[in-house]
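In order, the protein sequence lines correspond to chains A and B.
Per my numbering, the very first residue in the first sequence carries number 1; after that it's consecutive.
Per my numbering, the very first residue in the second sequence carries number 1001; after that it's consecutive.
Be a bit skeptical, because a hint or two may be false.
Partial chain A-side listing against chain B, Cβ under 7 Å, derived [said to hold, decoys possible]:
hint, residue
1, Ser4
2, Met6
3, Asn207
4, Ile210
5, Ser221
6, Phe257
7, Pro319
Some chain B residues close to chain A (C-beta under 7 Å, calculated; not the full set) [stated by the list, open to error]:
hint, residue
8, Ile1007
9, Ala1318
10, Pro1358
If you are wondering where the hints come from, they were derived from the structure by calculation, not from laboratory data.
Don't be surprised by glycine CBs; every beta carbon is placed ideally from N, CA and C.
One-letter residues, chain by chain:
Protein chains: 2
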Amino acid sequence: MQLSKMIDQARGLEKADLVIRNCRVVNVLSGEIHESDVGIAGGIFLGFGDYKAERVFDAGGRFLLPGLVEGHIHIESTLLTPPHFAQAVAARGTAAVVCDPHEIANVSGSAGVEYMLEVSRNLPVSIFFMFPSCVPATALETSGAVLSAGDFEHFRRLYPERILGLAEMMNFPGVLAKDPEVLSKLEAAKGHRIDGHAPLLSGLDLNAYILAGPRSDHECSNTPEAMEKMRSGMHLMMREGSLERNMEDLLGMVNDFNSQNISIVTDDRNVLDLRENGHLDYGLRRAVALGMDPVRAVQMVSINTARYFGLSGYGAIAPGFRANCFLVDDLKEFAVENVFIEGQFLEELCFESDAGFPPLSSMNIGSEIDESMFRPEEGRGNIRVIGVSRGQLLTENLELEPLLEGGQPIADPSRDICKLTVIERHTATGNRATGFVRGLGLSCGAIAGTVAHDSHNLVVAGMNDVDMVLAAREVARIGGGFTVVRSGEVLGTLSLPVAGLMSDKGLDEVAEAVRGLDRATKQLGCSYNPFMQISFLALPVIPSLKLTDRGLVDVAAFDFTGLWVK
Amino acid sequence: MQLSKMIDQARGLEKADLVIRNCRVVNVLSGEIHESDVGIAGGIFLGFGDYKAERVFDAGGRFLLPGLVEGHIHIESTLLTPPHFAQAVAARGTAAVVCDPHEIANVSGSAGVEYMLEVSRNLPVSIFFMFPSCVPATALETSGAVLSAGDFEHFRRLYPERILGLAEMMNFPGVLAKDPEVLSKLEAAKGHRIDGHAPLLSGLDLNAYILAGPRSDHECSNTPEAMEKMRSGMHLMMREGSLERNMEDLLGMVNDFNSQNISIVTDDRNVLDLRENGHLDYGLRRAVALGMDPVRAVQMVSINTARYFGLSGYGAIAPGFRANCFLVDDLKEFAVENVFIEGQFLEELCFESDAGFPPLSSMNIGSEIDESMFRPEEGRGNIRVIGVSRGQLLTENLELEPLLEGGQPIADPSRDICKLTVIERHTATGNRATGFVRGLGLSCGAIAGTVAHDSHNLVVAGMNDVDMVLAAREVARIGGGFTVVRSGEVLGTLSLPVAGLMSDKGLDEVAEAVRGLDRATKQLGCSYNPFMQISFLALPVIPSLKLTDRGLVDVAAFDFTGLWVK
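Taking the hints into account, I'd like the entire structure generated from these sequences.
Printed below as a string of structure tokens:
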């Protein structure tokens, strides 16, 4: 818009486009709540005052909040593509998102990153990116791609406005060991934001890690850890996701002089949570319930995050900011109503991608799936079994006597031990490995899925090989996704045609499908959704025993180990 | 420094350059004070911890503060060149300065700005610039130069790291009136910082001004004004200078949720104040005396300012920040001791400019100075007289009966009315104007000076024409500066060879010279230093009656008026 026209509109000499009257503004800049009308023109806030406008909206004395800003999320965790995700979170007051397409990058590499960038361009919710720093995540698994410092530079040149920097540098041992690949990425990202990921890193090693570039952390799980990181210059991302919830343990770090250095983020958000509890509005609700002042809480999901990332024009209601805002009745429930994005009513906005980008197919296993793929290595004595507990990502490294059939170890429903097979699905290497898991809660049948951090290979868990083969074939047939099988029958399926990670359907439909899977797994005797659990069984960076497509991993040794205890 | 070497030093695998042991760190990031040792290498902080180092300095339990950051100052106000200024403020804990070379720009234009940039490059104190936005300040006076949007762009290209944006846009009426020259400067500076200057601007006009670009204000004089500006997105610069002191009136704006948007700045600092009371350390002392929490006060002279300007690496003690810091015994007196800049002891640093830039001569009057230049216009009846009060910049527009000699109005010591003449000194236009001032406190003789906001023409005040001619000639002879004359004798002189604004001497010498002028003016019967007062008598933007080289100005009408009341 012409500056001179804006000046006239701001001065009230020309009509504004919209005025929201009778608000109590939660002002994240002055740190107060004040009554005001708010004028909007050309998609931006003109400011506070008695504006005449083409459209008038009466807020009826409700609280007006700035559009929320998410600082760290893997959109793939919602199973929604960026347009559907944007539509879902916009209804919860989110106006801008900084995402890390780490999952799709591990499946599809540059093509995956490009897909996310392209299908999210020009959406009403602004989607910014941090470029994945750890693809592949480890050398103990087969990912679909490798991303280098050169890829970062290439993408930054192509998308200078939307790629803000380098995403969470999870490989902190690599930083400390001065791994040349890792350092070259950090050097390439110099001058841009670099997010950190360094659970429990402390002392001189933390200093070295920060010095190398990362300036945020979302992995803190206790107050002393968070304080040390903040002292040393990190922006603290207080995570309250579907999986990891750290807020309650971290509130002790907040004081009257440091809260500008704290954001509330989700990291991951499952689709049911998103639909039922919301997005950052949930974080607000939770923070206030835990005793935080509402103005401070709103700052942590708006201006603090915008400033950390240098997103000017986002996160506040003030002249020149994007006219993103919404109303709530109170500052406890934060029930989001009347969302405006760039001065438009949410209901009038289009969330369809204009990119015309086809879904990214995946599932390249290479050969017909048959029972031979599920055969464990031979041996004798006890076997190593992954021990899981409901809701825990940490696993136990158990040594148990196997149930044998024809000399081969098999699943044992009586002890809640199922077979687990991971099959490489990206580049048809033929890699696959089989082990055993205790505690998944299946009594029969099999489940399979292609969401399996970080390489997202095909993971199949089951009580018999026939059902396991069927489950794997079904997932391959639908181009990736989840399935539940019992006695040769497919009980439930959720197809994830985008890289085997995301559905092409909207929030309600995907949530319904997830509920369908839930019902199906109940028929296998499982009292909870085991897909989340199996999605972490192939992640070799969380202790103690894991299984990748290349074999069983003893995480403590950060190396492979055998099925059979010697 | 090599990243991999830094990593090893930060981890303690290689020796650091310096460790400061046994500190109580005032941590502006975590908002606390904590005990720690601090490691330094390659000019940057490695972080907190037990480092082994080449040099060890024991802080003896004193408080360690980050090097201070000045957000808004006209260095010329100190009468010191940037190197001498830097040396003076470094001793007071200042490590970075954002200056606006508005004064020298009005005298010497681009050459003046270039001079300031060149002589301040590579000093231990980092000097950043905001490019002057209002040269000339008004059309009612003759400045030495005109700076355009094109000049801004040219300088930004030459000094992309050191010119941060556009300096205080004083011409807010021009912004609101959409003056094309003004808007072109704002457009050119888009995406960079633009400082504001809009005393008492409010409501829709304030919205328009902010929307046009300026995002800070240092002119607030009361809390409601400051709150409105902060609500609307301005960074508040709480000014506590030598001339204008707003802190006490503004403390009401600070709450627990907004202080990150506030900086303490000086705007101007006279050389005696600088020497006796210090720089930002004075602001700290004053804020704490007025009841502010010391951690919050330190934030306002360090990280808050650094972040507003996007100066990464300044304003905090944390890994990767420049190792600028100093020690104090307590958080009340803030007596600065043991300054380190980039990890060097202050005493070991060199503050000489490496630019080899000659002083910028000025004083281009064009013709011999004689009594004809001091002749007022002819007329009859009463005359308009500028009424001044000690320490006030506002003047009265008096109408008084003149004392006449040969039909000409002359000075009248019995009523404390002296003659005032302003002579254009930049481009030999021959412009000059004469009026009268009541209240300067001279009983005889004359004073002259070339510091006269904003165009800095030659201002001469005196009780007789002979002494006025001598004073003017003396100032011309010394290439600009101040002088005091009585009965044909020069009683005191301070030469300001750099553009008639700055001395080429150091802090102590200039302070001593100013005291000498003080003693000299006492011999004229003046009980205070009248040079500050006359330096604002030619500034036609502060009410009510002023005199520029082009004539008497009725500030309310923003136009010229006659000496004689019609």
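Status of each hint after checking the structure:
1. A hinted interface residue such as serine 4 of chain A counts as satisfied when its beta carbon comes closer than 7 Å to some beta carbon of chain B; here the least separation is about 5 Å, so the hint holds.
2. Annotation: methionine 6 of chain A was flagged as interfacial toward chain B, and the flag holds, the nearest CB pair being 5 Å apart, inside 7 Å.
3. For asparagine 207 of chain A, the interface hint holds, the least distance from its beta-carbon to any beta-carbon of chain B being 3 Å, beneath 7 Å.
4. Interface hint at isoleucine 210 of chain A: satisfied, since its Cβ lies 4 Å from the closest Cβ of chain B, which is below the 7 Å cut-off.
5. Interface restraint check for serine 221 of chain A: the shortest CB-CB distance to chain B comes to about 17 Å, outside 7 Å, so the restraint is violated.
6. The beta carbon of phenylalanine 257 of chain A is positioned within 7 Å of a beta carbon in chain B (closest approach about 3 Å), and the interface hint is therefore held.
7. This hint holds: proline 319 of chain A has a C-beta 4 Å from the nearest C-beta of chain B, less than the 7 Å allowed.
8. Evaluation of the isoleucine 1007 of chain B hint against chain A yields a held restraint, the C-beta minimum of about 5 Å falling below 7 Å.
9. Because the beta carbon of alanine 1318 of chain B sits about 3 Å from the nearest beta carbon in chain A, less than 7 Å, this interface hint is met.
10. Of the supplied interface hints, the one on proline 1358 of chain B is violated, with its beta-carbon coming no nearer than about 36 Å to a beta-carbon of chain A, more than 7 Å.
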